[in-house]
Amino acid sequence: MIRKILTIISFFTIISVSALHADQKKIGFIYIGPPGDHGWTYMHDQGRIYMENALGDTISTTFIENVPENADAVRAIRKLAASGHDLIFTTSFNYMDQTLEVAEEFPDVKFEHATGFKRMDNVSTYSARFYEGRTIIGHIAGKMTKTNTIGYIVSFPIPEVIRGINAFYLAAAKVNPDVKIKIIWNYSWYDPGKEADAANTLINQGADIIVQHTDSYAPCQAAEKAGVLAFGQASNQEAFCPNAHMTSIEDIWGPYYAAKAQAVVDGTWGSEDTWQGFKDGMVEMSPYNTKLLPLDLILEAKNMETAIENGTLHSFEGPIYNQAGELVVKEGEVADDGMLAGMMFYVQGIDGEVPQ
Amino acid sequence: MNIDIVIGILNIVLISTTPLVFAGIGELVTEKSGVLNLGLEGLMLVGAVTGFITLVLTGNYFYSLFFSIISGVILSGIFAFLVLNLMTNQIATGLALTIFGIGLSAMLGKKFSGTPIEGLNPYYFIVISFLLVFMVSYFLSKTKSGLIVRAVGEDHNSAYALGYNVIKTRYMTIIFGGVMSSLAGFYISICYAPMWQEGMTAGRGWIALALVVFATWKPWRLLVGAYIFGGVAIMQMNLQAIGVKLPGQFFNMMPYLATIIVLVFISSNKLRLKLSAPASLNMPFEKNQ
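Chains A and B, in that order, are what the protein sequence lines are. Using our numbering, you'd call the opening residue of the first sequence number 1 and step up by one each time. Using our numbering, you'd call the opening residue of the second sequence number 1 and step up by one each time.
Just so you know, these hints were derived from the structure itself, not from any lab. This structure is a prediction, so every number in the text was calculated from the model and none was measured. All C-beta atoms, glycine included, are put in the ideal place defined by N, C-alpha and C. Watch out, some of these pointers could steer you wrong.
To be verified - For lysine-lysine, the following DSS-like pairs were computed, each having C-alpha atoms within a straight-line distance of at most 30 Å:
hint	chain 1	residue 1	chain 2	residue 2
1	A	225	B	110
2	B	142	B	168
3	A	330	A	302
4	B	287	A	26
5	A	225	A	146
6	A	174	B	245
7	A	143	A	180
8	B	110	A	25
9	A	225	A	143
10	B	111	A	225
11	A	180	B	245
12	B	111	A	26
13	B	111	A	146
14	A	291	A	180
15	A	279	A	143
16	B	218	B	287
What the hints assert, rightly or not - Chain B is faced by these chain A residues, among others (derived, beta-carbon under 7 Å):
hint	residue
17	38
18	193
19	198
20	352
When you get a sec, could you build the whole thing from the sequences and use the hints?
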């Protein structure tokens with residue numbers, strides 16, 4: 001209900017945002033949450049602003065916020081396509097089919113769908129290799145936990161999220177085989193109250209490190225209050241929990257957005273799949289908290305970043321077994337992008353089942 | 001499972017359920033007088049953002065609470081004027097209030113979103129929420145004014161004929177409901193998750209509305225219902241964390257499902273009287289009939 005209402009409101013607001021110039025390219029964004037979430041949507045909006053600054057007057061941008069991942073998304077995307085936008089970024093996984101539906105109706109409009117895997121002639125997909133960051137925080141968590149229990153708050157069971165859990169666990173278990181992770185599925189990307197409840201529940205059950213894959217900074221705040229450690233999500237959240245925040249995995253979309261917008265301006269845009277990580281700067285780690293982390297651990301983390309960048313370290317190095325004990329990645333090999341993109345299983349050592 | 005964990009769980013349940021109790025008990029009184037206010041979500045958000053902004057600007061929790069409550073008085077006052085004096089449709093006006101509140105709070109809070117604040121201890125408000133339920137229950141069943149509120153809600157024409165001021169009574173109950181909603185909002189942004197982010201109440205206003213029906217307009221049942229909704233939500237998190245596989249989506253819709261079941265019961269007329277649904281709910285009142 002509330003989502004519907006929000007969408008209706010957003011329809012009214014977009015009209016006012018777009019100021020028109022004759023030969024300007026119009027670029028639209030569909031956001032899952034508000035730009036003020038200081039997480040996922042915030043970083044996409046930072047990317048949009050970066051793009052505006054980089055391209056100046058050659059483009060104008062529009063966004064619709066709080067668009068639910070259901071049929072309402074079709075209307076929101078179509079609204080942008082029909083109002084003369086040349087390039088539309090749909091910035092959440094579950095806009096996938098909606099994006100394709102509208103893309104079929106508007107073959108001249110270019111679409112960029114974040115974190116998805118279905119493409120068309122006028123639909124590109126792009127994503128960041130967040131899991132590389134999860135490897136770093138997994139390593140840190142494995143070394144920093146005293147209770148050997150790590151609380152992990154997640155949104156929806158989709159490959160991106162499950163890949164993150166696996167990457168995190170593999171890195172943590174590598175340095176600390178006794179480590180256990182407790183997982184709570186919230187079935188929402190954004191509900192500060194519920195995220196705080198989940199964090200408190202995990203802390204109550206003995207977790208001394210809180211990891212999140214949801215969009216608000218409430219879990220980090222709850223960790224701060226309870227005196228345990230936490231990692232932020234999507235953007236640097238240190239300001240909200242200075243005594244709990246060890247680091248965050250940051251999503252850096254700006255350069256990619258600017259490049260794609262430039263391609264539309266130049267007329268060179270083509271459908272492609274982009275998946276970038278540390279190496280191309282699409283994923284970055286926030287400054288490591290020197291008050292909380294020992295210096296040698298920070299150095300290790302930085303070395304790991306470099307190793308991932310130059311390819312000597314991979315988040316999914318074999319041998320990797322699934323929960324049934326079957327070998328899924330052989331010794332000496334790494335998981336290929338196909339496996340990573342469709343990853344819907346937990347690796348061996350994680351308790352519980354992936355919800356269907 | 002040791003006693004510390006149990007206490008911890010109870011603690012989380014208390015903290016997370018309190019906003020539902022505040023918003024629910026306010027709406028219960030409003031509906032008892034025969035007015036349906038669907039604007040809870042908007043009122044909560046504006047209460048939350050007003051309290052937050054005041055706290056950032058003044059650093060004073062008392063002012064913060066005060067202005068949060070004032071925002072509830074103003075917004076629900078406007079709602080009351082529209083539905084009571086101009087006799088607009090209550091459902092449409094309530095929805096408009098929610099939409100307005102969502103937009104207004106987002107606009108007001110834009111600059112303040114992401115400002116770190118020191119949260120307030122929630123325990124005072126948890127105690128207050130229990131006291132409020134007790135007071136409302138006593139008020140509605142044992143005091144003359146409470147009986148007038150119910151009379152107005154059951155049959156406003158008869159109440160008017162008996163000489164009671166229907167409009168004034170409803171003004172009071174609507175504003176009480178508004179204040180309670182803004183208090184719920186204040187609690188969310190200052191105690192529960194001390195921050196301001198757009199739409200941070202995340203549908204709790206709608207759950208509170210459902211709760212009033214679920215409780216069949218009885219204050220104590222509302223309290224019990226709120227703790228059932230809140231308790232189930234926290235329990236499922238605990239079970240998940242110890243590795244039990246649960247259909248999480250099902251728990252998200254549980255409050256609404258339970259309410260629909262209660263509604264089905266109520267709509268058979270014989271039960272309706274027993275279940276104490278106000279007979280004049282959502283009916284406009286015209287003085288010169």
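(message) I'd like to know which numbered hints this structure contradicts. Please list them from smallest to largest.
(response) 4, 13
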